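> Each chain is listed here by its residues.
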Amino acid sequence: MIHICYGLYDRDGHYSKFVGTSMTSVFENTGDEITVHLLHDNTLNADNRDKFIYLVGKYGQQIKFYNVEVLAADRIAHIKNNLSSILQSNYSIATLYRLLIPSLVKADAKVIYIDADIIANRDVRDIWNIPLNDHPLAAMPEFACGVKFSVDKYLITSGAVVGDDYINAGLMLLNLKYLREHENEIWDKGYAFVTKHPECRYFDQDILNYCFSKNYVKLTPDFNRFVDIERVHHKPCVVRPHIYHFLSNSFNADLDDCFNRLYFSYFVKTPWFGADAFGNAFKAVENSFRAQQNSMLSMIRLLGKRDRAFFTEHNNIPAVKALFEIGDQEMIVDASNSDALMKILNALRPLNGQRKKIFFIFSGNYLAFKNFLVSQKFVEGIDFVNAMPFVSHILGMPTESHSIVRAM
Amino acid sequence: MIHICYGLYDRDGHYSKFVGTSMTSVFENTGQRVTVHILHDNTLTVGNRDKFIYLAGKYGQRVEFYNVELLAADRIEKIKSYMPEWTKQSFSIGSIYRLIIHEIVRVNKIIYLDSDIIVRRDINSLWKFNIDDYPLAAIPECLNGMEPKKNFWLCNLGIVADGDYFNSGVLVLNIERLKRNEEVLRRGYEFISTRRECQLFDQDILNYCLAAAALKLPAEFNSFVRWERRQGSAVGSKIYHFIGTFLGEGLSFNLDDPFNRLYFDYFTKSPWFGLETLSNVSKAFDETSKAQRASTLNLIKVLGRKERAFFTEHHNIPALKALFEIGDHEMIVDASNSDALMKILNALRPTRGGVDARRYSSSSRAITSRSGISCSVNSSSRASTSSMQCRSSRTSSACRQSLTRSFAPCKTIRRQPRSSAQRERVGEVSA
Chain A
-19 MIHICYGLYD
-9 RDGHYSKFVG
1 TSMTSVFENT
11 GDEITVHLLH
21 DNTLNADNRD
31 KFIYLVGKYG
41 QQIKFYNVEV
51 LAADRIAHIK
61 NNLSSILQSN
71 YSIATLYRLL
81 IPSLVKADAK
91 VIYIDADIIA
101 NRDVRDIWNI
111 PLNDHPLAAM
121 PEFACGVKFS
131 VDKYLITSGA
141 VVGDDYINAG
151 LMLLNLKYLR
161 EHENEIWDKG
171 YAFVTKHPEC
181 RYFDQDILNY
191 CFSKNYVKLT
201 PDFNRFVDIE
211 RVHHKPCVVR
221 PHIYHFLSNS
231 FNADLDDCFN
241 RLYFSYFVKT
251 PWFGADAFGN
261 AFKAVENSFR
271 AQQNSMLSMI
281 RLLGKRDRAF
291 FTEHNNIPAV
301 KALFEIGDQE
311 MIVDASNSDA
321 LMKILNALRP
331 LNGQRKKIFF
341 IFSGNYLAFK
351 NFLVSQKFVE
361 GIDFVNAMPF
371 VSHILGMPTE
381 SHSIVRAM
Chain B
26 MIHICYGLYD
36 RDGHYSKFVG
46 TSMTSVFENT
56 GQRVTVHILH
66 DNTLTVGNRD
76 KFIYLAGKYG
86 QRVEFYNVEL
96 LAADRIEKIK
106 SYMPEWTKQS
116 FSIGSIYRLI
126 IHEIVRVNKI
136 IYLDSDIIVR
146 RDINSLWKFN
156 IDDYPLAAIP
166 ECLNGMEPKK
176 NFWLCNLGIV
186 ADGDYFNSGV
196 LVLNIERLKR
206 NEEVLRRGYE
216 FISTRRECQL
226 FDQDILNYCL
236 AAAALKLPAE
246 FNSFVRWERR
256 QGSAVGSKIY
266 HFIGTFLGEG
276 LSFNLDDPFN
286 RLYFDYFTKS
296 PWFGLETLSN
306 VSKAFDETSK
316 AQRASTLNLI
326 KVLGRKERAF
336 FTEHHNIPAL
346 KALFEIGDHE
356 MIVDASNSDA
366 LMKILNALRP
376 TRGGVDARRY
386 SSSSRAITSR
396 SGISCSVNSS
406 SRASTSSMQC
416 RSSRTSSACR
426 QSLTRSFAPC
436 KTIRRQPRSS
446 AQRERVGEVS
456 A
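Residue numbers (the numbering used here), protein chains in the order written: chain A, -19 to 388; chain B, 26 to 456.
Hints are computed from structural coordinates only; laboratory data are not their basis.
These figures come from a predicted structure and were not determined experimentally.
Beta carbons: idealized from backbone N, C-alpha and C, even for Gly.
No incorrect hints appear here.
The following label-pair restraints were derived from C-beta to C-beta distances:
no.	chain 1	residue 1	chain 2	residue 2	range
1	A	Asn317	B	Lys326	19 to 29 Å
2	B	Gly38	A	Met377	27 to 37 Å
3	A	Asp256	B	Gly38	23 to 33 Å
Can you build the whole structure from these sequences, using the hints too?
Written out as structure tokens, the structure reads:
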């Protein structure tokens, strides 16, 4: 019997399918008996619960549900009070549920923890068999799979954790015996440290690194391959018998991409793939088109009253000129000039009699511009717009379709 | 044993799933043994054939295949020679396969179903009708809200009685009788082939020859979904016809509509539902999305160089002004004026002495807003509706069509004739 565990927070009822898809990939690739331990909260609705039960039953496996809001109410309340930044982050509170595994999960020796965005395209027994001895856990050090970027990891930049040791907490084999004996280490030391240091943006992962980065079994990257990195480094892309981590939502509905196809080949085997998936996707499509139509209407309105003006990096000027067919009398602000911002502000505050301008912003750092211009009381969509979406199809950028997948 | 027949022409391999979905609905709702006879041609792919076999096997039913290009090539050619040219353009050749069932399938009695039929009741309830004394049984069009005199030329000319003209999507055929009626059918072909009015070739043939003799069945055996929707009916125990599937009135992805949901509940049970469906839908979304971005970019380009000008009907001017925030100096051409078109032409050619264009800098030229024009077309029926609303509702239905399309074959749709509104618009612009 192999024990695996997931954490689930499902605000709108559309997230459970990701956990279901990951489970399906586990079931499809193993000959072993599996017990799934699902750590959820009150957001798990009856329909999704039924689907989990159906899915597990279809594969002849077992599932146990643990409502952390009932079983660990004090901890959850404490987290919400003392680590409220997680509620505003890109992570959901469920990312911390893995820390509750030692105290809640009814399994003896060990359990494999799996993130909802992981597809096991190989037998999980390969992880299960890794000897833990007296180590707290086995996991993959992020640098090993090609992560180079560490400036956002406070534990590394502050020197508390060696970069090469930094654990990715998406897939772990947990030594329950060890962790139960050292539970205070997680909560009194790791959790306490992270709550005191808001620079720690990786919450649970930082906690585990703080506690165990010097004392864990390092897995090879084949147990936790980051799909966004695989896409860049392996062309043409080939799917291999690895465990793939689709982090930062690195999958969308473009099924010509082999990793998206891998993901959806498991999704279509889940009970979440049905008429409703299409109905929900269609609604998201309609919303997306409506937004595009609104942006078109607003362009027709604005350009009837305002002159165009452009902002872009020096080397992009010729391309932008061609794309928008910019005339010689029109304004282009060169981002490389030191007085670029001042020029924009002046142009946006025209003298009497001059027509107002609308700025098309071409910048890798649009968000910074937006914040600046908004702080100067200018309005996005009227005084300035992000020009990138208007040309993304020409630049060969993929159509944003993750929102559609999310809605399914 | 109940015998059911479909006709299948599948140019790009994406059409078989509709027949498969219809079959699934039959299998799901009957306790009887069913044999499905598929009259197809060389367009049936191995993959689709396998799926039909798998589907029938899954439900413990039978399927038999008849390649009409092998079995009745000369008959098909003969019938085609009777088809008026214009009917060939908009209709699939598969629609005439129903006319040779009695020549190919060796049974006494058979139910013919169109591929856009969903049977949500035991098919045995249709099979049970005794048609020994009739060549066929069918459902009159007038039971589905159609007005025969207005909608069907055979009724308009008094050749077929209003109450007799039936829809050819659901038929119960008496094979023996039909064989004996061969001479009647031949005269029908000869008559129809000379008539310019003919639109629905197979349906007109059958009605011309057999409408009076047919056993008429109640609407519940061939109930038009668009008619049910208009009446606000709930889904019942009926045979539903998703007529106009490809023109927006039939099937769409809006699953808040109970009839679309009904359809997809069966489709998702068919072997055509899978990864590729998702892939095709995603491609359609991608295409439409790119097209929209391209047209927005184009607007930004054009409006950087040209002035806006609008064309609409008189009563729409205030709505249009508000919607597009049109300033007093901007040009609005009133469609009710007799010289409206001349004004547009002048404005579009400012160097030839356009009136309003002179006001602008010499480099500027007017762009007649397409949105304004499309509004003018719709305006007669929706007087004060704002034009962008018309526009977005139409675009949205176009997008819905495009999705249904890629889920369905893309090119089939593009072959469809333009709606009259579209034609009108193009006509106005080019006039």
